[in-house]
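Note that the numbering used here numbers the first sequence so that position 299 is 299, with each residue one more than the last.
Possibly wrong hints are sitting among the right ones.
Claimed, not checked - Quick list of in silico lysine to aspartate or glutamate cross-link-like pairs, DMTMM-like style, CA-CA up to 20 Å: (1) K4 to E455; (2) K444 to E455; (3) K94 to D204.
Unchecked claim - What follows is a set of in silico ranges between Cβ atoms, one per label pair, in the way DEER data are often shown: (4) R550 to K530: 12 to 22 Å; (5) S484 to L521: 41 to 51 Å; (6) T408 to H554: 26 to 36 Å; (7) L170 to Q492: 52 to 62 Å; (8) G59 to A199: 51 to 61 Å; (9) D21 to E495: 20 to 30 Å; (10) S561 to S476: 30 to 40 Å.
Calculated directly from the structure, the hints in this document are not laboratory data.
We put the beta carbon where it would ideally sit given N, CA and C, even for glycine.
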Amino acid sequence: MTLKLHNTLTRQTDEFTPLSDKKVTLYTCGPTVYDYPHVGNWVAFIYWDILVRTLLSAGYTVERVMNITDVGHLVSDADEGEDKLEKGARREGKTAWEIAEFYAEDFVAGMEKLGLLPPEHLVKATDFIPQQLDLVRLLKEKGYTYQTTDGIYFDTSKFTAYADFARLDLDAQKAGARVEANDQKRQPWDFALWKFTPAGEKRDMEWETPDDLLELPKLTDDEKQGADLNGVKSGDFDKRVVRESEQQEEITSETSQFFADAESQRQDPRLATYVPSTSQAARVTTGAGSSNEEVIMGFPGWHLECSAMAMSILGPTIDIHTGGIDHIPVHHTNEIAQSEAASGQQFAHYWIHNNHLKIDGTKVSKSLGNTYTLQDLDGKGFSPMDLKLFILQSQYTNEGNFTFENLTAAQHRHANWRNYAALRHQTHDLLTDDDRKNDDPDHKSLQAAASAVREALMNNLNTPEALRVVDEALGSLEAVPLSSIHQHGLMQLLEAIDELLGLQLLQTTPDIDDEAKKLLLERERARETKDWQKSDELRDELAAKHIHVRDTPHGVIWGYS
RNA sequence: GGCGCGUUGGCGGAGCAGUUACGCAGAGGUCUGCAAAACCUCGUAGAUGGGUGCAACUCCCAUACGUGCCUCCA
1 MTLKLHNTLT RQTDEFTPLS DKKVTLYTCG PTVYDYPHVG NWVAFIYWDI
51 LVRTLLSAGY TVERVMNITD VGHLVSDADE GEDKLEKGAR REGKTAWEIA
101 EFYAEDFVAG MEKLGLLPPE HLVKATDFIP QQLDLVRLLK EKGYTYQTTD
151 GIYFDTSKFT AYADFARLDL DAQKAGARVE ANDQKRQPWD FALWKFTPAG
201 EKRDMEWETP DDLLELPKLT DDEKQGADLN GVKSGDFDKR VVRESEQQEE
251 ITSETSQFFA DAESQRQDPR LATYVPSTSQ AARVTTGAGS SNEEVIMGFP
301 GWHLECSAMA MSILGPTIDI HTGGIDHIPV HHTNEIAQSE AASGQQFAHY
351 WIHNNHLKID GTKVSKSLGN TYTLQDLDGK GFSPMDLKLF ILQSQYTNEG
401 NFTFENLTAA QHRHANWRNY AALRHQTHDL LTDDDRKNDD PDHKSLQAAA
451 SAVREALMNN LNTPEALRVV DEALGSLEAV PLSSIHQHGL MQLLEAIDEL
501 LGLQLLQTTP DIDDEAKKLL LERERARETK DWQKSDELRD ELAAKHIHVR
551 DTPHGVIWGY S
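Using the sequences provided together with the hints, build the complete structure.
Here it is as structure tokens:
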């Protein structure tokens with residue numbers, strides 16, 4: 001059974017073939033940590049967790065990078081407006097660093113509550129500034145950049161495949177474009193790799209812009225002779241820059257860390273074609289020989305972060321890149337442009353995008369006040385797992401619709417599942433497999449259900465189908481005597497559900513304590529003697545302990561209430 | 001203006017060219033000391049108009065409507 005995924009590159013559901021037989025490299029665009037994540041944000045992380053679990057179940061090892069965007073994500077994705085972190089800092093009277101730390105911790109806590117597997121690399125953009133500067137340097141050396149008064153930009157006209165991924169019609173877009181705020185950009189869709197801190201402003205998060213990334217004032221036409229670099233005709237490079245970059249290549253072939261880790265890990269021969277740059281960028285100072293004593297501070301562009309982190313950790317080509325559907329036209333288009341321009345290789349083989357969640361039929365929007373967080377849901381009595389089960393009700397490619405009515409439906413289903421899980425405490429010892437062989441039909445059907453769940457996920461992460469399978473398998477335990485439930489088979493199914501869907505059914509359905517068991521027995525005796533009053537009192541006592549009693553034709557069964 | 005997605009019963013939501021899953025909710029019934037649960041039955045769902053097929057919810061085309069991204073947002 002091969003895994004199939006809907007690949008945005010091909011717009012088709014493709015069979016998944018990783019670069020390596022055993023290992024899958026995966027990059028997930030992570031959160032921008034300036035506020036609490038809302039249900040719409042969590043959708044993506046829940047689906048990608050299912051993806052990882054499915055890959056693991058298929059026998060792959062997974063190396064996943066998830067970024068924590070803690071700098072550079074502007075209020076507008078198009079390099080305009082304020083930095084979300086700096087804005088959040090002012091809102092709360094803290095520094096951007098404090099904001100980032102607080103919300104990053106909250107995000108990790110949320111992942112734990114939702115039972116999401118931790119990525120192998122959960123990395124902060126601010127910890128990868130040198131790598132990001134290296135990438136800018138590399139792009140500059142290859143002639144893909146230009147400088148404006150507010151930053152270093154990627155010249156999309158130099159990357160001819162720019163419009164391909166999102167199938168953009170740039171000419172048409174140009175015609176209908178909004179007023180362009182930055183008239184120094186050569187194309188409206190050029191994007192900032194590195195932005196300069198505006199003069200007179202002090203950001204919480206800013207770094208020195210290495211001198212060699214800056215362009216000096218333009219030279220005269222005569223002086224520019226011979227300054228072409230890599231076929232770039234622009235006169236934006238001067239002789240000094242060319243000289244410097246030549247020197248750097250000498251140094252850098254020894255010192256670069258940019259792809260070093262990835263090289264040692266993957267030993268992909270194609271990496272040999274990649275000419276690395278220096279990692280010393282952050283240490284470059286405006287010192288001797290520089291005519292410019294002013295230090296220009298700056299910060300990375302949002303798009304740059306993802307490429308730098310993905311490539312420096314996983315290598316220039318990764319298997320899967322995931323993200324929200326909104327990122328196709330801008331963020332991921334830009335990631336592809338800068339990554340592939342730098343490496344000369346395909347960046348990701350599979351681009352997997354989750355569709356958005358609507359809320360009450362309309363979009364999730366801070367201004368509409370419908371950005372429910374885990375904390376909000378908790379306040380209304382819904383657990384993180386209720387939310388997760390709700391989200392799994394629809395496939396990641398589909399637009400979901402969040403309503404409290406639907407969340408309640410998921411909550412009821414979750415409660416039912418937990419009560420089925422509790423049956424394992426109520427089957428008897430004689431059913432622990434010793435006196436029932438593995439070819440027992442009940443056992444087999446439960447095993448079949450476990451593999452049917454796996455198959456459903458292999459089919460483009462069809463979580464609704466997986467839930468249906470679980471419903472049918474667990475439902476088949478209904479209205480049969482406890483004595484005919486195959487405990488081992490039930491355990492295997494529950495383990496499979498927890499492994500594949502991460503619902504933590506086993507750990508959240510403990511056995512009842514001895515006192516409760518005693519009350520149950522007492523109640524049984526009372527019922528045998530038709531002492532209904534005592535029986536009902538005992539039932540109330542159990543209810544106070546959140547234990548619900550059902551008197552079925554096959555005996556008493558308890559559940560959680 | 002550009003690029004997308006969708007339209008299945010009260011709600012959510014799959015598969016499938018030929019008995020319309022599954023969950024939640026509703027009505028009636030059986031069972032039960034009572035309650036709950038369970039079980040049974042019911043409401044007989046596929047936007048519209050064409051096309052291809054013996055046969056279409058399922059494939060193709062068009063239309064309508066809804067909705068998302070391109071300015072908060074996964």
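Cross-check of the supplied hints:
1. Under the criterion of a C-alpha separation no larger than 20 Å, the hint pairing K4 with E455 is consistent with the structure, at around 10 Å.
2. Proximity of K444 to E455 is assessed by CA-CA distance (about 16 Å); at most 20 Å being required, the pair is judged to hold.
3. Taking the CA atoms of K94 and D204, the gap is near 10 Å; set against the 20 Å cutoff, the hint holds.
4. Look at R550 against K530: about 19 Å separates their beta carbons, and that is inside 12 to 22 Å.
5. For S484 paired with L521, a C-beta distance near 22 Å fails the hint of 41 to 51 Å.
6. Between T408 and H554 the C-beta distance comes to about 29 Å, which sits within the given range of 26 to 36 Å.
7. Between L170 and Q492 the beta carbon distance is about 54 Å. The supplied range of 52 to 62 Å therefore holds.
8. Restraint check, G59 to A199: a C-beta distance of roughly 56 Å satisfies the suggested window 51 to 61 Å.
9. As the Cβ distance of D21 to E495 is approximately 26 Å, the hint placing it in 20 to 30 Å holds.
10. Take S561 and S476: their Cβ atoms lie about 23 Å apart, and the range 30 to 40 Å is violated.
Violation of the numbered hints given earlier is confined to hints 5 and 10; the remaining hints are satisfied by the structure.
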